[in-house]
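S.K.: Chain residues, written in single-letter form:
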Amino acid sequence: MGTITEELFSRRLGHDVRAGDTVIAEVDVAMAHDVTGPLAIEAFRSLDLPLWDASRIVFNFDHVMPANTVAAAELHRVIREFCVEHTITNLFAEGICHQVMVDRRLARPGGIVVGADSHSTTYGGLGCFATGLGSTDIGVVFATGKTWFRIPETVRIEVRGALPRGVYAKDLALHVIGQMGADGADYCAVEWGGEAVAAMSVDERLTLCNLSTDFGAKTGLIEPDAVTFAHSGDDPFELRPVRPEYLRTLIVDAERLRPQVAVHPSIDNVHDIDDVSGTPLDEVFIGSCTNGRLSDLAIAASILSGRTVHPRTRTVIVPASRGVYLDALSAGYIETFARAGALVLNPGCGPCLGRQHGVVGPGERVLSTSNRNYPGRMGSPDAQIFLASPAVAAASALAGAITDPATLEPAL
Amino acid sequence: MSGRVFLLGDGVSTDAIMPGRYNVTTDPDALRRACLIEARPDFTETVQPGDVIVAGRNFGCGSSREHAPLSIKRNQVAAVIAASFSRIFYRNAVNIGLPVIRCAEAHRVLRDGDEVSVDALTGVITTPTTTLRGEPPSGVALRIIEAGSLIDLIRQGGWAALEGEQRVS
Numbered sequence: 372m373g374t375i376t377e378e379l380f381s382r383r384l385g386h387d388v389r390a391g392d393t394v395i396a397e398v399d400v401a402m403a404h405d406v407t408g409p410l411a412i413e414a415f416r417s418l419d420l421p422l423w424d425a426s427r428i429v430f431n432f433d434h435v436m437p438a439n440t441v442a443a444a445e446l447h448r449v450i451r452e453f454c455v456e457h458t459i460t461n462l463f464a465e466g467i468c469h470q471v472m473v474d475r476r477l478a479r480p481g482g483i484v485v486g487a488d489s490h491s492t493t494y495g496g497l498g499c500f501a502t503g504l505g506s507t508d509i510g511v512v513f514a515t516g517k518t519w520f521r522i523p524e525t526v527r528i529e530v531r532g533a534l535p536r537g538v539y540a541k542d543l544a545l546h547v548i549g550q551m552g553a554d555g556a557d558y559c560a561v562e563w564g565g566e567a568v569a570a571m572s573v574d575e576r577l578t579l580c581n582l583s584t585d586f587g588a589k590t591g592l593i594e595p596d597a598v599t600f601a602h603s604g605d606d607p608f609e610l611r612p613v614r615p616e617y618l619r620t621l622i623v624d625a626e627r628l629r630p631q632v633a634v635h636p637s638i639d640n641v642h643d644i645d646d647v648s649g650t651p652l653d654e655v656f657i658g659s660c661t662n663g664r665l666s667d668l669a670i671a672a673s674i675l676s677g678r679t680v681h682p683r684t685r686t687v688i689v690p691a692s693r694g695v696y697l698d699a700l701s702a703g704y705i706e707t708f709a710r711a712g713a714l715v716l717n718p719g720c721g722p723c724l725g726r727q728h729g730v731v732g733p734g735e736r737v738l739s740t741s742n743r744n745y746p747g748r749m750g751s752p753d754a755q756i757f758l759a760s761p762a763v764a765a766a767s768a769l770a771g772a773i774t775d776p777a778t779l780e781p782a783l
Numbered sequence: 334m335s336g337r338v339f340l341l342g343d344g345v346s347t348d349a350i351m352p353g354r355y356n357v358t359t360d361p362d363a364l365r366r367a368c369l370i371e372a373r374p375d376f377t378e379t380v381q382p383g384d385v386i387v388a389g390r391n392f393g394c395g396s397s398r399e400h401a402p403l404s405i406k407r408n409q410v411a412a413v414i415a416a417s418f419s420r421i422f423y424r425n426a427v428n429i430g431l432p433v434i435r436c437a438e439a440h441r442v443l444r445d446g447d448e449v450s451v452d453a454l455t456g457v458i459t460t461p462t463t464t465l466r467g468e469p470p471s472g473v474a475l476r477i478i479e480a481g482s483l484i485d486l487i488r489q490g491g492w493a494a495l496e497g498e499q500r501v502s
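Protein chains in written order, with my numbering: chain F, 372 to 783; chain E, 334 to 502.
Heads up, a few of these hints could be off.
[As the list claims (entries may be wrong)] Calculated from the model, a selection of chain E residues having no Cβ within reach of chain F, i.e. all distances over 10 Å:
no., residue
1, Ala372
2, Glu378
3, Thr379
4, Glu399
5, Asn428
6, Val457
7, Thr460
8, Pro461
9, Leu465
10, Arg466
11, Glu468
12, Ala480
[Stated by the list, open to error] Covered, in the sense of this in silico footprint (three residues per stretch, anywhere, with C-beta under 8 Å from a C-beta of chain E), are these stretches of chain F:
no., segment
13, 408 to 418
14, 549 to 557
15, 716 to 729
16, 743 to 754
Keep in mind the hints are simulated off the structure, nothing from the lab. All residues carry an ideal CB built from backbone N, CA and C; glycine is no exception.
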């Protein structure tokens, strides 16, 4: 009985738990990447304990892959050697850790996964309790398989009606963050539900849970259903709220939503696109663990097809993973992007965190489909970052300025 | 120990504390030098052991990078006092033994450069003219602080050391 989080933990632990309880639980999988991995390895080594389970530890090279500096290459070397030493075979360099975790079915409905990356909440889109931890916590899991959790209270986002054409999961999430504030779900689980969420693809559900961390949530969760199980391949089972007590319920009328833009310098500075349309852009980035999946690239390709990006706006497109890249190749999207004048880079985090490529300079404006617009996130602290959906990003790349796709000529 | 206040605002992200371009390393000294390098360029040049960071809401929001609290700790800051902390930053700080204190009014009462002393275990913040009561870590977080760090706690008895903290309704 309880919220999805309470139901999931009660089932896993074999006794009823409620929000506010503190539990020590074994996890299914612990994940780290090329930046957080080396510190986790240092923490593990300092314990001087044997490894918990090589088959349940996952490393991904994605934040700086391939390495662009000697320092980055050194991080990769440390992780590679650790994996050889401990016979860890789950070492991947094929895209963003969160998409690889989904592609390779390492995050599953009903599971508990921890990752040394804040956007580990993404897997909640499959009904998996997943949360981000720091390197020391993950290093301890490498040794013990366990961590401690305070079972969080839950905020329910109930989305009524259907999203209008041209409005996506990204717009819904940005709207909610604008309503609740950047710390509006601090320490809580966020449950996304209602008609619009039930109608969403797995890609879109992953977007909602991915962005849950960006208004403070410990996890985002969506009740697994036929769509989930068709994607995950697991035998269907029920995991739904049963007479839940929510800390707060936010009801959103999907029908009234317009394309949303989070405006520099914070993710909760959210506006209808009309407030900022016409703002000139130096760069557009389509990708990230928020919006680099196949359906995102399909939307971008449908807008960019047969057109050319504006000469003042360098346009960078990064498929989230090798799986997404291959599917996009087969569908012809990569050719569409190249013909439109966009730069298509290798799967990974890309320009999102200003560390590898697509770095922005002082005074520049960038519109990104990623999840953070803090000053300095993508390069110079004097750049301005706008966050929006892939549809708005593609339309804006064509116009060289923030543009509502509905206003493009000829009409889509 | 007493020190001086470095006053910051609301929503100081881990990108501001440790920009992505600088945390491609685990080297403690490189992390120390990059702490707040763009948000507060004078920080690493003027900070003294025992100084205190005081901030508003949602301190440490964003990326889980532990490099952020580590870089603050390497500058020998006595405590971070904030109206509220982002979840992962708070947990990371506790895990590595960087004192963190929640205090709703400190960032409004204290000014940059004020002299202050902090008791990390009681949360009492004292200046020559006033005393503020902050909220120190409790529960599991306090047990970790008492052990020194999460690594120390696990070394001292593994998860069994936390048996008494498991509260189940």
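S.K.: Look at each hint and say if it fits the structure.
M.R.: Right, here's what the structure says about each hint:
1. Ala372: Violated, because the least Cβ-Cβ distance between Ala372(E) and chain F comes to about 7 Å, which does not exceed 10 Å.
2. Glu378: At about 18 Å from chain F, Glu378(E) clears the 10 Å cut-off, so the statement holds.
3. Thr379: holds, 20 Å
4. Glu399: violated, 4 Å
5. Asn428: violated, 4 Å
6. Val457: holds, 24 Å
7. Thr460: With a cut-off of 10 Å, Thr460(E) remains clear of chain F, as the shortest Cβ separation is near 27 Å.
8. Pro461: Label holds. Min Cβ-Cβ 32 Å, cutoff 10 Å.
9. Leu465: Since the minimum Cβ distance to chain F is about 21 Å, Leu465(E) lies beyond 10 Å and the statement holds.
10. Arg466: Holds, because the least Cβ-Cβ distance between Arg466(E) and chain F comes to about 21 Å, which exceeds 10 Å.
11. Glu468: holds, 14 Å
12. Ala480: Per Cβ check, Ala480(E) is outside 10 Å of chain F; nearest 12 Å; holds.
13. 408 to 418: holds (count 6)
14. 549 to 557: holds (count 3)
15. 716 to 729: Coverage by chain E holds for the segment 716 to 729 of chain F (3 residues, Cβ < 8 Å).
16. 743 to 754: holds (count 7)
Violation of the numbered hints given earlier is confined to hints 1, 4, 5; the remaining hints are satisfied by the structure.
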